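Protein chains in written order, with this note's numbering: chain Z, 1 to 244; chain W, 1 to 216.
FYI, nobody ran anything at the bench for these hints, they're computed from the structure.
Source: prediction; values computed, not measured.
Ideal placement from N, C-alpha and C gives every residue a C-beta, glycine not left out.
Be aware that a few hints might be false.
Within a straight-line C-alpha distance of at most 27 angstroms, the following computed DSS-like cross-link-like pairs (lysine-lysine) qualify [claimed, not checked]: (1) Z:Lys25 <-> Z:Lys91; (2) Z:Lys180 <-> Z:Lys234; (3) W:Lys46 <-> W:Lys105; (4) Z:Lys59 <-> Z:Lys91; (5) W:Lys46 <-> Z:Lys25; (6) W:Lys100 <-> Z:Lys91; (7) W:Lys41 <-> Z:Lys91; (8) Z:Lys191 <-> Z:Lys234; (9) W:Lys201 <-> Z:Lys191; (10) W:Lys100 <-> W:Lys201; (11) Z:Lys180 <-> Z:Lys191; (12) W:Lys46 <-> Z:Lys107; (13) W:Lys100 <-> Z:Lys59; (14) Z:Lys25 <-> W:Lys41; (15) Z:Lys25 <-> Z:Lys59.
Simulated DEER-style distance windows between Cβ atoms [what the hints assert, rightly or not]: (16) W:Tyr93 <-> Z:Tyr129: 23 to 29 angstroms; (17) W:Lys46 <-> Z:Ser225: 54 to 60 angstroms; (18) Z:Asp116 <-> W:Thr115: 28 to 34 angstroms; (19) W:Leu170 <-> Z:Ala185: 22 to 28 angstroms; (20) W:Ser73 <-> Z:Ala80: 44 to 50 angstroms; (21) Z:Lys180 <-> W:Gly142: 29 to 35 angstroms; (22) W:Asp196 <-> Z:Lys180: 17 to 23 angstroms; (23) Z:Thr74 <-> W:Phe216: 47 to 53 angstroms; (24) Z:Phe224 <-> W:Thr52: 17 to 23 angstroms; (25) Z:Lys180 <-> W:Phe178: 40 to 46 angstroms; (26) W:Tyr93 <-> Z:Asp116: 21 to 27 angstroms; (27) Z:Gln97 <-> W:Thr75: 16 to 22 angstroms; (28) Z:Tyr129 <-> W:Gly142: 47 to 53 angstroms; (29) Z:Val45 <-> W:Lys100: 56 to 62 angstroms.
The residues making up each chain are set out below.
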Amino acid sequence: MPFILVIILLSLCTGYAQADDNYRKVQIAEPYIELHTGPGRGYPVFYVIDRGEWIEIHKRRTDWFKIVAGNGTTGWTHQAELELTLNPEGKQTRFEQINQDQFIRRKTEVGVLGGDMDGAQTMTLYGAYRFTHNLSTELSFMQAVGNYSNNLISNFNLLNQPFPDWRISPFFALGMGNIKTTPRATLVQAKDRSDLLAHVGLGAYGYISSRFALRAEYNRYVVFSSDDDNEDIKEWKLGLVTFF
Amino acid sequence: METRTGHVFLGLALLIISTLMLGTARAETGTPEQVIKPSLKREPIKPARIDTENFELGAYVGMLSIEDFGTGSVTGARLAYHFSEDFFAEASYGQTTAGKSSIEKDLIGSAQYLTDAEREYSYYNLSFGFNVLPGEAFIGSGRAFHTALYLVAGTGSTEFAGDDRHTLNLGFGYRFIFNDWLAGHLDARDHIFDIDLTGNKTSHNLEVSTGLTLFF
Chain Z
1 MPFILVIILL SLCTGYAQAD DNYRKVQIAE PYIELHTGPG RGYPVFYVID RGEWIEIHKR
61 RTDWFKIVAG NGTTGWTHQA ELELTLNPEG KQTRFEQINQ DQFIRRKTEV GVLGGDMDGA
121 QTMTLYGAYR FTHNLSTELS FMQAVGNYSN NLISNFNLLN QPFPDWRISP FFALGMGNIK
181 TTPRATLVQA KDRSDLLAHV GLGAYGYISS RFALRAEYNR YVVFSSDDDN EDIKEWKLGL
241 VTFF
Chain W
1 METRTGHVFL GLALLIISTL MLGTARAETG TPEQVIKPSL KREPIKPARI DTENFELGAY
61 VGMLSIEDFG TGSVTGARLA YHFSEDFFAE ASYGQTTAGK SSIEKDLIGS AQYLTDAERE
121 YSYYNLSFGF NVLPGEAFIG SGRAFHTALY LVAGTGSTEF AGDDRHTLNL GFGYRFIFND
181 WLAGHLDARD HIFDIDLTGN KTSHNLEVST GLTLFF
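Work out the full structure: start from the sequences and follow the hints.
In structure tokens form, the structure reads like this:
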């Protein structure tokens, strides 16, 4: 077994070594670009590379790129400066800018929300797939911790965004799922319960910047409980969404 | 004599016409109309992919002081995503085992508050981080490492004493980046939740930990 591990590690190492030669090369088109000692605006500039020189881009960390100059000097430069260089075809180097267009065209989306469900604090994690700009489907998991019980709600939602191009874009949701209720351990003689539930919701996305959007929503749930009465629950939540 | 000069002129004229015709014939074959067309379609240069390293995944070990129930060793895992040079989001999960409360220890023969299973303490949280003091640390004169002091705050849930409790966490940490892919962490967190076990109160549970993360 250790032998196999060594072989796997070695093959990984050779793979890494082969990849070494395949860095993206660009040519400086401005009088010079500055190299910082680290990937941040505060790290000092310690080197400049002149116009006409070719550089290699080795790594990217957020908006900063690790650059190796022709003579081997290694440093970090910001995306804005790197976009003033030329690629081997002689065209300006471009990196994908994440903006609202990408948000409108997003295919998948992941979000985390916190809120309140009839006095219980909730935490929600969801993933969504968008069929069209207007219609998407979601799977969400929510934990609601109240004074008397702990609830785990899994939901399947359909979501309609009538105006996906708006910066603040409203949506309507319909969903069905399951609620699992575990009463507090301090309560005597209470049993776990699992019930079907359905909900309607109203909310909005607000695009912030980069890969961020805010999402706020209000939901009304109906729990089809095994008792005679159906429960009616109100919930609001607010959270952050990232997309791909 | 006349016929001779006539012949010469005729010959010259023939020569000129034939060379002209040849010339035009050559010019025709020299036109770009080619029988075999070499396919010179230029392949677009595919730029090499740039290795982005915005994710951080790792594990940590430390001590978690559970209010009223002693201090246990904690092990956990964390995943972080760096949105920008300033901000990151972090998800973490950790677990420990609570000890005995002082009442349980002092009063001989008294009933225990918790069963062994209820002493299992685990938490998950989702937090936001801010690199408040990024910088460099120097070891000797020839080595510099990127570091950052960061603040974190977030929300999550703690399972303890048989129940889940909504939990806020606040803290700070120090990130020491060894090389392109490895970082070390020192972290201090306060996990805050309401508990009704020993009277209704807000419990503060302090955690210090150290860990390693990989950038990918």
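Practice task
Sort out which numbered hints this structure fails and list those numbers smallest first.
Solution key: 3, 6, 13, 21, 23, 24, 27
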